[in-house]
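Enquirer: Residue-level listing of the chains:
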Amino acid sequence: MGASGTPEPLVDVVMPQMGVSVSEGTIVAWRKQVGDWVAYEEPLVDISTDKIDTEVPSPAAGRLTEIVVEIGTTVDVGTVLARLATDARPGEPHASENGAPPTSEAAAAKGETPAPATPDPAPEPAAATPAQAPRSRRRYSPVVSRIAEEHGVDLSQVEGTGRGGRVRKQDVLAYVENGNGAAAETEPPLHIESPYRPDPAPAGAPAPAASAPAGVYEPPAPQPLSRMRQSIGAHMKRSLETAATCTTWIEVDMTAVQRERRKLGVTALAFVARAVIDALREFPALNAWMEGEKHTVHDDVNLGIAVSLGEDGLIVPVIRSAQDLSVEGLAKRIKELAMRARGRALSPDDVQAGTFTITNPGQYGSIMATPVINQPQVAILDLEAIVKRPVVVTDAQGDDSIAIREMTILGLSWDHRALDGALSAQFLAAVKRRLEGL
Amino acid sequence: MATETAQPRGSAGPADAVSEHLTLDDRVALLRYMLLMRGLEERAMNLYRQGKVPGSFYDGYGQEAVSVGAAFAMSPQDRLCVLHRDLGAHLIRGVTPARILAQYMGREGGITGGRDGNVHFGDYRVGCVGMVSMLPDMMLVATGMAMAFKLRGEKRCAITWFGDGSTSRGDFHEAMNWAGVQRLPVIFVLENNQYAYSTPTREQYAVDPVERAQAYGFPGISVDGNDPEAMFEAARVARERALAGEGPTLLEAVTMRMHGHAAHDDMKYVPKEQVEEWRRKDPIDRQEARLREAGVDTDALREEVRAAIDAGTQEALAMPMPDPATATERLFYEGDEDVLTQDGAAPWSGFDSGGDR
Amino acid sequence: MATMTYLQAISDALREEMRSDERVLLMGEDIGVFGGAFKVTDRFIEEFGPQRVMDTPLAESGIIGTAVGAAVVGLRPVCEMQFSDFVACGFDQLVNVAGKMYYRQGLPVNVTVRLPSGGGFSGGPFHSQNPEAWFMHAPGLKVVAPSTAEDAKGLLIRAIRDRNPVVYMEHKHLYRRVKGEVPDGLYETDFTARVARPGTDLTVIAYGAMVHTALEATEDLDGASVEVLDLRSLVPLDRDAILASVRKTSKALIVDEANETCAAGAQVAALIAEHAFEDLDGPVRRIATPDVPIPFSPPLEQAVLPSVERVKEAARELLEY
Numbered sequence: 034m035g036a037s038g039t040p041e042p043l044v045d046v047v048m049p050q051m052g053v054s055v056s057e058g059t060i061v062a063w064r065k066q067v068g069d070w071v072a073y074e075e076p077l078v079d080i081s082t083d084k085i086d087t088e089v090p091s092p093a094a095g096r097l098t099e100i101v102v103e104i105g106t107t108v109d110v111g112t113v114l115a116r117l118a119t120d121a122r123p124g125e126p127h128a129s130e131n132g133a134p135p136t137s138e139a140a141a142a143k144g145e146t147p148a149p150a151t152p153d154p155a156p157e158p159a160a161a162t163p164a165q166a167p168r169s170r171r172r173y174s175p176v177v178s179r180i181a182e183e184h185g186v187d188l189s190q191v192e193g194t195g196r197g198g199r200v201r202k203q204d205v206l207a208y209v210e211n212g213n214g215a216a217a218e219t220e221p222p223l224h225i226e227s228p229y230r231p232d233p234a235p236a237g238a239p240a241p242a243a244s245a246p247a248g249v250y251e252p253p254a255p256q257p258l259s260r261m262r263q264s265i266g267a268h269m270k271r272s273l274e275t276a277a278t279c280t281t282w283i284e285v286d287m288t289a290v291q292r293e294r295r296k297l298g299v300t301a302l303a304f305v306a307r308a309v310i311d312a313l314r315e316f317p318a319l320n321a322w323m324e325g326e327k328h329t330v331h332d333d334v335n336l337g338i339a340v341s342l343g344e345d346g347l348i349v350p351v352i353r354s355a356q357d358l359s360v361e362g363l364a365k366r367i368k369e370l371a372m373r374a375r376g377r378a379l380s381p382d383d384v385q386a387g388t389f390t391i392t393n394p395g396q397y398g399s400i401m402a403t404p405v406i407n408q409p410q411v412a413i414l415d416l417e418a419i420v421k422r423p424v425v426v427t428d429a430q431g432d433d434s435i436a437i438r439e440m441t442i443l444g445l446s447w448d449h450r451a452l453d454g455a456l457s458a459q460f461l462a463a464v465k466r467r468l469e470g471l
Numbered sequence: 003m004a005t006e007t008a009q010p011r012g013s014a015g016p017a018d019a020v021s022e023h024l025t026l027d028d029r030v031a032l033l034r035y036m037l038l039m040r041g042l043e044e045r046a047m048n049l050y051r052q053g054k055v056p057g058s059f060y061d062g063y064g065q066e067a068v069s070v071g072a073a074f075a076m077s078p079q080d081r082l083c084v085l086h087r088d089l090g091a092h093l094i095r096g097v098t099p100a101r102i103l104a105q106y107m108g109r110e111g112g113i114t115g116g117r118d119g120n121v122h123f124g125d126y127r128v129g130c131v132g133m134v135s136m137l138p139d140m141m142l143v144a145t146g147m148a149m150a151f152k153l154r155g156e157k158r159c160a161i162t163w164f165g166d167g168s169t170s171r172g173d174f175h176e177a178m179n180w181a182g183v184q185r186l187p188v189i190f191v192l193e194n195n196q197y198a199y200s201t202p203t204r205e206q207y208a209v210d211p212v213e214r215a216q217a218y219g220f221p222g223i224s225v226d227g228n229d230p231e232a233m234f235e236a237a238r239v240a241r242e243r244a245l246a247g248e249g250p251t252l253l254e255a256v257t258m259r260m261h262g263h264a265a266h267d268d269m270k271y272v273p274k275e276q277v278e279e280w281r282r283k284d285p286i287d288r289q290e291a292r293l294r295e296a297g298v299d300t301d302a303l304r305e306e307v308r309a310a311i312d313a314g315t316q317e318a319l320a321m322p323m324p325d326p327a328t329a330t331e332r333l334f335y336e337g338d339e340d341v342l343t344q345d346g347a348a349p350w351s352g353f354d355s356g357g358d359r
Numbered sequence: 007m008a009t010m011t012y013l014q015a016i017s018d019a020l021r022e023e024m025r026s027d028e029r030v031l032l033m034g035e036d037i038g039v040f041g042g043a044f045k046v047t048d049r050f051i052e053e054f055g056p057q058r059v060m061d062t063p064l065a066e067s068g069i070i071g072t073a074v075g076a077a078v079v080g081l082r083p084v085c086e087m088q089f090s091d092f093v094a095c096g097f098d099q100l101v102n103v104a105g106k107m108y109y110r111q112g113l114p115v116n117v118t119v120r121l122p123s124g125g126g127f128s129g130g131p132f133h134s135q136n137p138e139a140w141f142m143h144a145p146g147l148k149v150v151a152p153s154t155a156e157d158a159k160g161l162l163i164r165a166i167r168d169r170n171p172v173v174y175m176e177h178k179h180l181y182r183r184v185k186g187e188v189p190d191g192l193y194e195t196d197f198t199a200r201v202a203r204p205g206t207d208l209t210v211i212a213y214g215a216m217v218h219t220a221l222e223a224t225e226d227l228d229g230a231s232v233e234v235l236d237l238r239s240l241v242p243l244d245r246d247a248i249l250a251s252v253r254k255t256s257k258a259l260i261v262d263e264a265n266e267t268c269a270a271g272a273q274v275a276a277l278i279a280e281h282a283f284e285d286l287d288g289p290v291r292r293i294a295t296p297d298v299p300i301p302f303s304p305p306l307e308q309a310v311l312p313s314v315e316r317v318k319e320a321a322r323e324l325l326e327y
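Which chain is which? The protein sequence lines are P, E and L, in order.
Those letters in the first sequence? Residues 34 to 471, by the numbering used here.
Those letters in the second sequence? Residues 3 to 359, by the numbering used here.
Those letters in the third sequence? Residues 7 to 327, by the numbering used here.
Since the hints were derived computationally from the structure, they do not count as laboratory data.
Treat each hint with caution, since some may be false.
Residues of chain P placed beyond 12 Å of chain L at every Cβ, according to the derived structure [unchecked claim]:
| no. | residue |
| --- | --- |
| 1 | Gly68 |
| 2 | Tyr173 |
| 3 | Val176 |
| 4 | Glu182 |
| 5 | Asp204 |
| 6 | Thr278 |
| 7 | Trp282 |
| 8 | Ile283 |
| 9 | Lys296 |
| 10 | Ala321 |
| 11 | Glu326 |
| 12 | Asp333 |
| 13 | Asp345 |
| 14 | Gly346 |
| 15 | Ala418 |
| 16 | Asp432 |
Here are some of the chain L residues that sit facing chain P, going by a computed Cβ distance under 7 Å [unchecked claim]:
| no. | residue |
| --- | --- |
| 17 | Cys268 |
| 18 | Glu280 |
| 19 | Asp285 |
| 20 | Leu286 |
| 21 | Tyr327 |
Okay, derived cross-link-like pairs now, DSSO-like style, lysine-lysine, Cα gap no bigger than 30 Å in a straight line [what the hints assert, rightly or not]:
| no. | chain 1 | residue 1 | chain 2 | residue 2 |
| --- | --- | --- | --- | --- |
| 22 | P | Lys368 | P | Lys421 |
| 23 | E | Lys270 | E | Lys283 |
| 24 | L | Lys185 | L | Lys45 |
| 25 | L | Lys254 | E | Lys152 |
Yeah, the Cβ is synthetic: ideal placement off N, Cα and C, and Gly gets one too.
With these hints in hand, go ahead and build the complete structure from the sequences.
Expert: Written out as structure tokens, the structure reads:
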């Protein structure tokens with residue numbers, strides 16, 4: 034590519050292949066205007082694919098001479114998006130600058146990323162400190178980090194009142210007290226599978242307000258769905274059309290898991306993941322892909338974990354070879370992937386090759402759901418809220434009594450094309466046995 | 003106040019000088035303690051060469067009479083701050099050979115349990131206070147003990163030993179002055195062994211310290227430091243003075259350091275003739291000659307001493323090293339009892355009937 | 007209960023302890039007939055006589071060294087250095103003889119050394135020092151520093167009774183400026199820290215005169231709730247109290263009147279950094295006297311000693327952090 038200093042008159046910027054299964058992409062935003070100077074590897078355009086949203090770094094240094102594909106347009110991989118003139122030099126006036134020397138203030142005023150003001154006519158690749166829109170990097174004090182960790186608080190959501198907007202101890206404590214604290218005992222708010230997230234109620238759909246005046250209803254102007262929302266929707270719809278989806282539930286006593294996880298300081302999800310992996314090794318038919326007539330049973334468990342991105346949607350990063358990880362290792366990987374997902378820092382490889390998926394929307398207290406299978410996988414497990422319930426327990430002598438136990442309901446949606454109800458029930462029983470037998 | 007001089011300075015004294023206060027048994031005891039001191043230090047030096055004694059090694063070879071003679075005059079109730087070349091004083095107070103060898107070897111059974119080495123110890127069980135390396139700090143401690151004795155009206159004294167180099171330090175002055183001002187029952191034994199490490203006395207002071215005593219208001223007496231009986235007699239008189247409320251005495255024990263400052267020191271800065279001259283004044287040889295003349299079987303005495311050292315060596319070698327876990331323990335005293343309450347042994351016959359006298 | 011100055015409380019402790027224990031004797035320069043440079047032992051000689059209120063030669067090493075000797079044979083000497091600065095002349099006896107005696111020889115040294123310390127009155131480089139850190143660094147010595155009249159008495163009685171050498175820092179600037187209710191009779195104050203004022207937003211850690219500076223500086227900081235911890239004892243250092251307070255407030259400001267480097271506050275800061283890191287919500291801040299001798303002229307002296315304003319400013323910054 035144009036990393037070399039060899040001047041080529043024009044270099045094409047093309048829609049990249051973001052992973053093997055990606056065939057097309059949509060332009061989300063252009064970071065540069067025609068006439069702007071672009072450094073090698075400087076972010077040039079934001080694109081969205083059905084796997085991932087990303088930015089495209091410039092393949093060469095030069096001046097942007099032409100934008101071929103406009104924002105909102107979806108094009109095939111390989112399509113030329115823009116052209117760069119590589120024989121141009123930074124600092125030379127161009128049309129949009131009206132001969133004024135480019136200043137970073139001027140660029141900043143336009144909301145652009147200032148081009149590195151390097152006098153070097155051949156910008157070195159190494160100099161590519163990607164002058165991204167400076168994402169304000171926040172540092173947290175030890176006590177703030179610790180409280181956030183203990184209560185599962187996403188510190189980026191906490192408003193800081195300290196110097197320079199620093200998040201102080203009282204800020205995170207207030208955040209915890211104002212409701213986020215509820216998340217303390219439950220899982221971190223990462224794992225929400227969208228299939229049962231109520232679609233955003235039509236923006237205007239008015240709760241029938243008592244005093245709503247009768248008459249002609251005029252809804253607010255409709256907004257286009259985000260690229261991600263569209264993608265999720267298409268994916269889920271395709272799944273339901275493709276698979277013969279059935280759902281089976283089982284009730285699990287999580288008391289032992291809860292005790293152990295508190296000791297280790299990890300989430301219950303990590304224990305469920307470990308139990309699922311073990312059960313998948315016992316029932317490999319559920320660790321499989323179904324693509325038309327093609328049925329692939331995997332040796333490795335590449336475990337997908339659904340991570341909510343809030344209103345934007347969700348994404349399913351994958352833990353490759355999850356069978357090799359301990360509970361603590363799984364907890365660490367889940368946390369790390371979730372953080373990267375929320376930081377929009379996942380790479381295409383992070384979201385590929387999943388062989389089974391777990392979704393965990395229990396944080397709002399829901400207890401049962403019918404998850405939608407993540408194609409081309411054949412099953413998905415749903416972990417809901419863990420709640421205390423009176424339960425009949427039988428002691429060693431066979432005597433029954435009622436005890437308070439921490440219970441949950443695991444739901445397994447499975448593809449009847451690939452397996453039958455008995456097998457899925459056995460699989461769930463295997464998971465249950467492992468979780469209760471701790 | 004006139005300076006009293008018991009012996010001409012530097013002279014060996016008459017070979018038949020016998021204190022009228024010493025019985026023959028006392029005189030044998032003096033030889034016995036000197037033999038024990040020399041034998042133990044030679045044994046310790048061998049252990050040092052065998053790699054069983056950590057750190058450095060100092061001895062008092064040739065100076066045995068200084069500590070043995072002076073300490074022999076002390077009563078059980080007196081208190082002693084002993085210098086590192088004065089092992090004989092510890093032996094007289096009753097510290098056993100085994101504990102002394104264990105002390106050299108840093109063993110748990112040594113007097114300091116391995117916390118300090120060499121003769122940097124004082125066994126409070128026998129009325130001694132351990133010295134520190136900064137000399138003559140213990141002059142002030144001895145002065146303070148004497149001050150307490152006087153305040154309480156007790157008939158006892160404190161004694162401490164220090165070297166010729168010590169006389170250059172401020173604490174020498176502070177202690178001499180303090181003791182003189184308060185007329186305290188303290189005996190300062192200046193052990194003039196001619197060298198402070200490698201520095202000869204002529205580079206240490208312009209006026210002999212024994213003369214300085216007069217300036218502080220009390221007698222300075224020069225004694226033949228290689229004659230245990232002369233040392234005993236001088237200390238006995240100084241103690242009488244102290245108990246009579248007449249104040250301190252400075253005894254200058256004139257002697258010679260016959261070995262290097264420590265085991266590493268070949269002493270090449272000392273003229274050979276000087277060493278040879280002093281070898282002829284060896285205190286053990288002199289005391290032994292006197293006793294042989296009096297018909298004492300000193301060979302049997304030597305045999306007895308050797309057996310005691312051998313037994314002590316075996317006992318010391320069997321003692322364990324201290325537990326590393328205890329290194330940070332016992333920094334502060336948590337008890338309530340006073341510690342320096344036990345008296346030491348006082349083998350001089352003069353204490354037999356009348357306790358202190 | 008009686009209202010006393012800090013100075014009177016020290017005198018009261020000495021007097022009461024001397025009355026109750028005849029082993030206690032006072033040693034120092036000009037403490038007898040003259041009653042001491044600061045009149046701590048004023049008229050003591052009339053009650054206790056010149057032997058127990060001993061005017062010594064001008065010899066700090068001599069005072070401490072002989073006190074060690076007197077202590078090991080059963081007395082309870084209380085030495086007065088006329089100014090804490092002069093203890094440098096007795097350093098060897100205190101550090102090498104007194105401090106190490108028990109560890110080496112099993113022989114406890116029951117000596118108290120009173121050090122009238124601190125500046126603020128144009129005492130100059132030799133009458134204003136705060137040398138407590140010298141002794142914190144010398145194993146075997148305890149170091150205490152009262153800030154109130156009540157503690158001045160209780161800590162001194164405790165120090166005299168402690169079977170180990172205790173360095174008692176009495177701040178000259180507090181002698182007549184600080185008054186308070188002092189219990190009658192004999193009582194001991196433990197060598198532990200004291201919460202001078204409870205609070206939740208910030209801990210200011212100080213001892214001696216700086217406790218008063220800290221209290222004044224944080225009395226009204228826009229309604230902030232500031233805890234002031236009075237260490238009272240530097241050796242032993244009350245780790246539990248320091249860590250408990252900092253864990254509660256998550257912010258620590260340490261005020262020393264001593265020169266900054268390796269001061270008591272440095273030890274406190276290290277303790278917090280090592281053991282309360284996870285609880286911190288801001289940097290551990292220190293205010294101390296810069297590493298210069300205490301100058302004589304008032305504007306120079308005021309420029310180096312920690313002031314109410316400096317403490318206030320640092321407290322504000324930490325609170326806002």
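Enquirer: Give a verdict on every hint.
Expert: The hints, checked one at a time:
At roughly 45 Å, the least C-beta separation between Gly68/P and chain L is larger than 12 Å, which holds for a residue marked as non-interface. For Tyr173/P, the non-interface assignment is contradicted: its Cβ lies about 9 Å from the closest Cβ of chain L, within the 12 Å cut-off. At the 12 Å boundary, the C-beta of Val176/P falls inside the reach of chain L, the nearest C-beta of that chain being 5 Å off. The claim that Glu182/P lies off the interface is violated: its Cβ sits roughly 10 Å from the closest Cβ of chain L, which falls inside the 12 Å cut-off.
For Asp204/P, the condition that its CB be more than 12 Å from all CB atoms of chain L is violated, with the nearest at approximately 10 Å. Annotated as non-interface, Thr278/P keeps its C-beta farther than 12 Å from every C-beta of chain L; the closest such distance is 47 Å. Distance to chain L confirms Trp282/P as a non-interface residue, since its nearest Cβ pair spans about 41 Å, more than 12 Å. Every C-beta of chain L lies more than 12 Å from that of Ile283/P, the closest at about 40 Å, which supports listing it as non-interface.
The Cβ of Lys296/P sits about 19 Å from the closest Cβ of chain L, beyond the 12 Å cut-off, so the non-interface label holds. With 12 Å as the threshold on Cβ separation, the claim that Ala321/P sits away from chain L holds: the shortest Cβ distance comes to roughly 45 Å. Distance to chain L confirms Glu326/P as a non-interface residue, since its nearest Cβ pair spans about 57 Å, more than 12 Å. Residue-level check passed: Asp333/P sits 38 Å from the nearest beta carbon of chain L, beyond 12 Å.
Every CB of chain L is more than 12 Å from the CB of Asp345/P (nearest about 32 Å), matching its label as outside the interface. No Cβ of chain L comes within 12 Å of the Cβ of Gly346/P; the nearest lies about 35 Å off, and the non-interface call holds. Distance to chain L confirms Ala418/P as a non-interface residue, since its nearest Cβ pair spans about 30 Å, more than 12 Å. Annotated as non-interface, Asp432/P keeps its C-beta farther than 12 Å from every C-beta of chain L; the closest such distance is 46 Å.
With a least beta-carbon distance of about 25 Å to chain P, the hint placing Cys268/L at the interface is violated under the 7 Å criterion. Hint status for Glu280/L: violated, given a least beta-carbon distance of 12 Å to chain P, over 7 Å. This hint holds: Asp285/L has a C-beta 5 Å from the nearest C-beta of chain P, less than the 7 Å allowed. At its closest, the beta carbon of Leu286/L sits 5 Å from a beta carbon of chain P; the interface hint therefore holds under the 7 Å criterion.
Using the Cβ-Cβ criterion of 7 Å, the hint placing Tyr327/L at the interface with chain P is satisfied: the shortest such distance is roughly 6 Å. Simply put, Lys368/P and Lys421/P have alpha-carbon atoms about 26 Å apart, close enough for the 30 Å limit, and the pair holds. Restraint check for Lys270/E and Lys283/E: the C-alpha separation of about 20 Å stays at or below 30 Å, so the hint holds. Distance check on the hinted pair: Lys185/L and Lys45/L sit about 16 Å apart at the alpha-carbon level, within 30 Å; holds.
Restraint check: the Cα-Cα separation between Lys254/L and Lys152/E comes to about 56 Å, which exceeds 30 Å; the hinted pair is violated.
When each numbered hint is compared with the structure, violations occur for hints 2, 3, 4, 5, 17, 18, 25.
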